[in-house]
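Residues per chain are reported as follows:
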Amino acid sequence: MEQQAFVEHSPHQKSSLTTRRIMLDVLIALAPAAVMGCIYFGWQALLVLVLTVLSAVLTEIIWLLIRKQTFKEIFKQFDLTSVVTGLLLGMCFGSQTAWYACILAGAFAVGVAKMLFGGTGRNIVNPALAGRIFAFIAFPTIVAGGWLGANFTESAGEVLTGATPLTDFLTNNGVMNTELWQLFFGYGVPGCIGETCKIALLAGYVYLIVRKVIDWKYPLIYIAATGVTTMIIYQSFEVFLPSILSGGLFLGAIFMATDYVTSPKTLWGNVVYFLVLGIITAVLRFATGIEVVSFCIFLMNLVTPLIDRFIRPKPFGYVRPEKEKTGKGPAKEAGK
Amino acid sequence: MQIKANPLRHGVALSDKKAATKDLPVQAIPAPDTVAICMSQHIGKPAQPVVQAGDAVLKGQLIARADGPVSANIYSSVSGTVKSVETRKDDRGASAQYVVVQNDKQDNAAFLPPLAEKTKENILERIREAGIVGLGGAAFPTYVKMTPRTPVDALVINGAECEPYLTCDYRLMVEKYAELLQGIRYLALALGVDKIYIGIEENKPDCIERFAGEEDIVTVPLHERYPMGSEKHLIYSCTGRKVPCGKLPADAGCVVQNVATAYAVYEAVELGKPLFERVLTVSGGAVQRPQNLLVPNGTAFSYILDYCGVDDSCAMIVDGGPMMGVAVADRKVVTKKATSGLLALTKAETDGSTPTPCVSCGRCARACPMHLMPMDIDFYTQNEDYEGARDWGGVLNCIECGSCAYVCPAKRPIVQSVRLAKAKLRELAATNGK
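Protein sequences, first through last, are from chains A and B. When you line the first sequence up against our numbering, it's residues 1 to 336, in that order. When you line the second sequence up against our numbering, it's residues 1001 to 1434, in that order.
By construction, these hints were calculated from the structure, which means they are not laboratory data. None of these values were measured; they are calculated from a predicted model. Mixed in with the good hints there might be a few duds.
PhoX-like cross-link-like pairs, simulated, lysine-lysine; straight-line CA separation at most 20 angstroms [to be verified]: (1) B:Lys1022 <-> B:Lys1247; (2) A:Lys314 <-> B:Lys1242; (3) A:Lys314 <-> B:Lys1247.
Model the full structure from these sequences, guided by the hints.
Structure follows, in structure tokens:
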């Protein structure tokens, strides 16, 4: 009876939510798109996903081993973030990506973009995006050239090769030859493993909202801003759906840009972040003629600390300090 | 009268866990053999003992006098002899004087005379004399609160009881309704206001219904959300006024009092009974017979826990509610005026998680009722930049409700960081002031 009781700071009860659980939810949400990617693009797609995930996870474990941590400690702090990174990275590769590119990109994503900056929660840019951009620059022909599209009417092995609908759209001045329903289901559409099947991505989006992992507003803001800006650029209402349904916009908006670590912390910060993201995506797509979602998110990741610095909530009961009274209001006025 | 509360979006939804003791009537615990009455059980200067070892005292006799304007009188909770006046370390590590009284079980009581003329001055004087402090948890001397420097026009009664497990205020509202009502009216009279609000959480519909029947009291049903009972948020819910940052409720023209305080005022005015006992809830998974008990001031926790039966599954003992209460390591700790609950929690009920890195998910900022940036407070404090915690996290506005730490998926010890930052900033201000 008289045993020493356990003592800690209040609160003495906490929610059951953990980082690992959130990451598991993200993985579950990614699963439909990953599965559809493997169905559309075959075993090569599965190989790419497995390689990137393995590479990402092993990089983290090796890093921690070098830091002299035991396997027990590593398992205890393993929060599935590197699995998410690896899977996301694989999903924004084409199915023809060479095995060494997958492994190097996975190692770069976790080793350089995440662990070098201090591990989970300390990275400045989304590791998966950093990995993708690394691969894009290091192996331009392997990653970007020769997109394949699934086409079950052709015999196996004779899959369509060609430009993605988005490059098609951008080079033909806003006209696309692919049907909208095809874009929506991703059937026969060349592109990255995870980005073509929009309906699977939307299923993941709904799951994330139901599990309260992400705010439903943010991806919508991004997608809508991109679509509207494209409409303004081309002076046409018809480009709205093709512009948002093609390319990696859904994958980026739902899974990449909403990454906790690299997006702003406040509601209004996030609104600004996603709005600007949508606008620059549309403008840069038009200016460069290639898919730029990953670069845009990467750019905005770098701006995030700045947004967090200037857009902050006002404390409850905040009164704007009068000029002569300085130092009384504990929270600083935004932008001043 | 009943009005709708001004909505508050922030905070957290907790399961209230009140079912165990909600319907149990208040019972008096048999007085223990000895009580150790703390001289420092209110905010402000400790009271000065006026008795010595060997003195005979009666139940309700003054044993320590308020020392200075912000302090409170202390009365004996049992009759008997003073065994000693000693200095002990309390559960928070601070030294305090204790008057230990040996109970003679005679129960000889000597109260103050009931107040004949119930005027504003007389009631205020009686509140001061009876040693009444805020019984919601802060233990701020009620007399000081009732004589604000700025003009006030509203009295807000706190019947929210938003902490899980605790039901002592609810039982008071159910069992002592008429007395409580009288106490509230005395408070309003002493304050000289005619606007009276009472905020009650929606999980107590019977209380809301009863108070809504009163013409002079505005009843405000509060959304079942933690921390609705926080002073600033209660004022906003009831009156729509916001207490300016760093200011007191009186600056918004309000005085907030807990229902238990109002009841203590009734007893002091009507019966002349000073504050020496209170109702507290004993609950938690490890308690075999959870109940609402009337406990004399200075009763050891071990005595109460033995009385209610605590089994071996008890992993933590909490003085107060689970969200803001203090975990105590030593069961010799005694009850004070503001002890509203005593919880013996099992391992499953407590949180034994280890902190993991913050992922900036922003849940804490969304939960924070003060609209602060708890993740920044934690970040800057962990890196020993306390001014950063003040400027970027807004730590000085924190009410330490624990909503942020409750929702945190990384299990960051945010409240701990807040307390550290506040203490360090106080230190810093002291050295800079010299």
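Against the structure, the hints:
For the hint linking lysine 1022 (chain B) to lysine 1247 (chain B), the alpha-carbon distance of about 35 angstroms lies beyond 20 angstroms, and the restraint is violated. About 13 angstroms separates the Cα atoms of lysine 314 (chain A) and lysine 1242 (chain B), which keeps this hinted pair within 20 angstroms; it holds. For a cut-off of 20 angstroms, the pair hint linking lysine 314 (chain A) to lysine 1247 (chain B) stands: about 16 angstroms separates their Cα positions.
Violated hint: 1 only; the structure is consistent with all others.
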